[in-house]
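Here is how the chains run, residue by residue.
There are 2 protein chains.
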Amino acid sequence: MQKPVRVVQYGIGPIGLESIRTVLSKEHTGRIKLVGAIDIDPAKVGRDVADLLHLSEPTGVVVSDDAAKVLSESNADVVLHTTSSFLGSMYRQLIDCAEAGCHVVSSTEELSYPYDRHPSIAEELDAVARQHGVSIIGTGVNPGYAMDALALMATGVCTQVHNVTVERVVDASKRRLPLQQKVGAGITEAEFAQKKATGKFGHIGLRESLLMVADGLGWPLSSVEESLEPVLADEKVDTPYLSVEKGQVAGIHHSIKGYVNGTCHLILDLKMYVGAKESFDSVTVDGVPPMKMKIADGIFGDTATIAALVNTVPLALSAKPGLHTVKDLPPVRAFATKLSEVKS
Amino acid sequence: MQKPVRVVQYGIGPIGLESIRTVLSKEHTGRIKLVGAIDIDPAKVGRDVADLLHLSEPTGVVVSDDAAKVLSESNADVVLHTTSSFLGSMYRQLIDCAEAGCHVVSSTEELSYPYDRHPSIAEELDAVARQHGVSIIGTGVNPGYAMDALALMATGVCTQVHNVTVERVVDASKRRLPLQQKVGAGITEAEFAQKKATGKFGHIGLRESLLMVADGLGWPLSSVEESLEPVLADEKVDTPYLSVEKGQVAGIHHSIKGYVNGTCHLILDLKMYVGAKESFDSVTVDGVPPMKMKIADGIFGDTATIAALVNTVPLALSAKPGLHTVKDLPPVRAFATKLSEVKS
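Protein chains in written order, with my numbering: chain A, 13 to 356; chain B, 13 to 356.
Extracted from the complex, chain A is given alone in its bound form (with noise of 0.2 Å):
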């Protein structure tokens, strides 16, 4: 009998709650078990996890502010990690992880591909890793899958690659309100453009993956175009959270172009809006032969994110030391499912 993978929760936003939720779903099949829990909100600090998710039976999990405890006293073989999407001031969380002999499922996109963004933090973080015998894996539906490693899969019944166009159109109408703020919905194409200068506005990670599917492709990029416009509500839209008037920012459209040697051979197209009529995620393979994949209404991001962190975990213990993209491990797959629960 296998024992079940010991994993810490390190981060407890919405989707660090999820992921709790996830893997305690899952602890019945005895593949997998919740051992700790790390947030650093004082709301949160010191009550059982399944107070959070409002469970009726306490888990004995308890949500501890001291990372430092909780890596060093848990056991754990994964750290399921999702506390910011950017590398720069984290960075440190994930080398605690790993010199606690924990390998890291991370969130985190700018960890998805890091060796442009942060070359020597991706270094650095590979070296603690194989010191310590772990893998360190940034991941989730968006970067880490849609518009990435799925594309890069397109490819690989290809004997020839002329162009490659990944389209991810998201309807955030039924996406939860930190997403349908996150791009925007119901401002103005003024508070557009000042977002838009920040720099910190748009989605995270389009650029990682252009990049990992550039490597992936063996393909030297000689440069990079990226845009970032606001989509406009053509009608008004009302959604669960929030309604956007005709000609206010309904979302963003974000797009990049990657070039090699001077052409453009490589588009990676998001649109994520509230009204968008048609949800799908596509890889278009200009090749021999040509490939048309197409994701009939897209694949759903926040689930999508949680579960791909949590079937990486599997791939992450059996990964050899050190830090890794997703198109250096196996194809993720579903893990720990139970085929003997009532179909809900």
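Hints in this document: simulated from the structure, not taken from any laboratory. The structure presented is a predicted model; accordingly, all values stated were derived computationally and were not measured. Careful: at least some of the hints might be erroneous.
These stretches of chain B come out as covered by chain A in the derived footprint (C-beta under 8 Å, 3 or more residues) [stated by the list, open to error]:
(1) 165-172
(2) 222-234
(3) 272-284
(4) 298-306
(5) 319-328
(6) 341-349
Positions of the beta carbon are idealized from the N, C-alpha and C atoms, including for glycine.
Chain A is fixed; fit chain B onto it per the hints.
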């Protein structure tokens, strides 16, 4: 500057010949180089492979029927192996390659997931591969991609999976004559029944794909149900190679179901026949979130199998020694594409 991967082609039937063509077409990238060719056909032995491909310039690679000599003298890194669909009578060829220190990427359908039909051969191949520090991998478009690796990857963003249904519909009108004959195009229902009774008819690898997906999901199958029926032409079908009259066999409908605890949770459904109105590949995951992935027009099998083989070369080189299946290797992606080429 990286040295090109040195490749031997072992088996020069229709697939092997196109594999050679593909390797040669990639030589200018400096990533791969053909250094040997093995076949027992007297009509091919002694001829430059350029001659077989009707190329104007000789390559210097001459077909030999002396596998041991080619393997020992070519200093090859990887053998592309395409001699048989079946392991039983042939696996010594793979052992010879491994003992010569060559990684093996093979189109042998039974090798794609050999643990069920050939557990002792699988064990021996794994042991020999480890002993000689090489990897052995069976792949192709199906098995190896469309109905297994891609299906697994579709579940990777699901927190829960209830059922997985994989469909592949191939319009055999657009495929080569051997494939049309393989699916029985133009024979009678009675002839189909006779062929079926031999146990050597139908698509090879469906059971392997099913077991790979079940294994990848950690689903212990309680039983497997397989069916093979003719698709009858509902009108006359003309192809460049043959014609099928109304009422004759147009091709096969080959289906396999995997049961867990007595309930069917996994369906692989394959139709290959001349006159199919729509070719496609699809993976439908009844899970959380649900996933509906579809490849319009389907993956063109002959080219895709060759692509899968050649694209797996770098994955074989970087895999740890041993016998692997595609579920344990990174997602396959196009290898040695060069973008400066004029698009045809």
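**Asked** Taking 8 Å as the C-beta cutoff, is the stated coverage of the segment 165-172 of chain B by chain A satisfied by three or more residues?
**Response** holds (count 7)
**Request:** Count residues of the segment 272-284 of chain B with a Cβ under 8 Å from any Cβ of chain A, then say if the count reaches three.
**Result:** holds (count 4)
**Asked** Residue count check for the segment 298-306 of chain B against chain A: does it reach three with CB-CB under 8 Å?
**Response** holds (count 8)
**Within 8 Å of chain A (C-beta), three or more residues of the segment 319-328 of chain B** = Our answer is that it holds, as 4 residues pass the Cβ test (under 8 Å) against chain A, meeting three.
**Outcome, coverage hint (the segment 341-349 of chain B, chain A; C-beta under 8 Å; three residues)** = As far as the segment 341-349 of chain B goes, the hint holds, because 9 residues have Cβ atoms under 8 Å from chain A.
**Request:** Verify the coverage statement for the segment 222-234 of chain B against chain A, using a C-beta to C-beta distance below 8 Å and requiring 3 or more qualifying residues.
**Result:** The restraint on the segment 222-234 of chain B holds, since 4 of its residues have a Cβ under 8 Å from chain A and three suffice.
Checked against the numbered hints given earlier, this structure breaks none of them.
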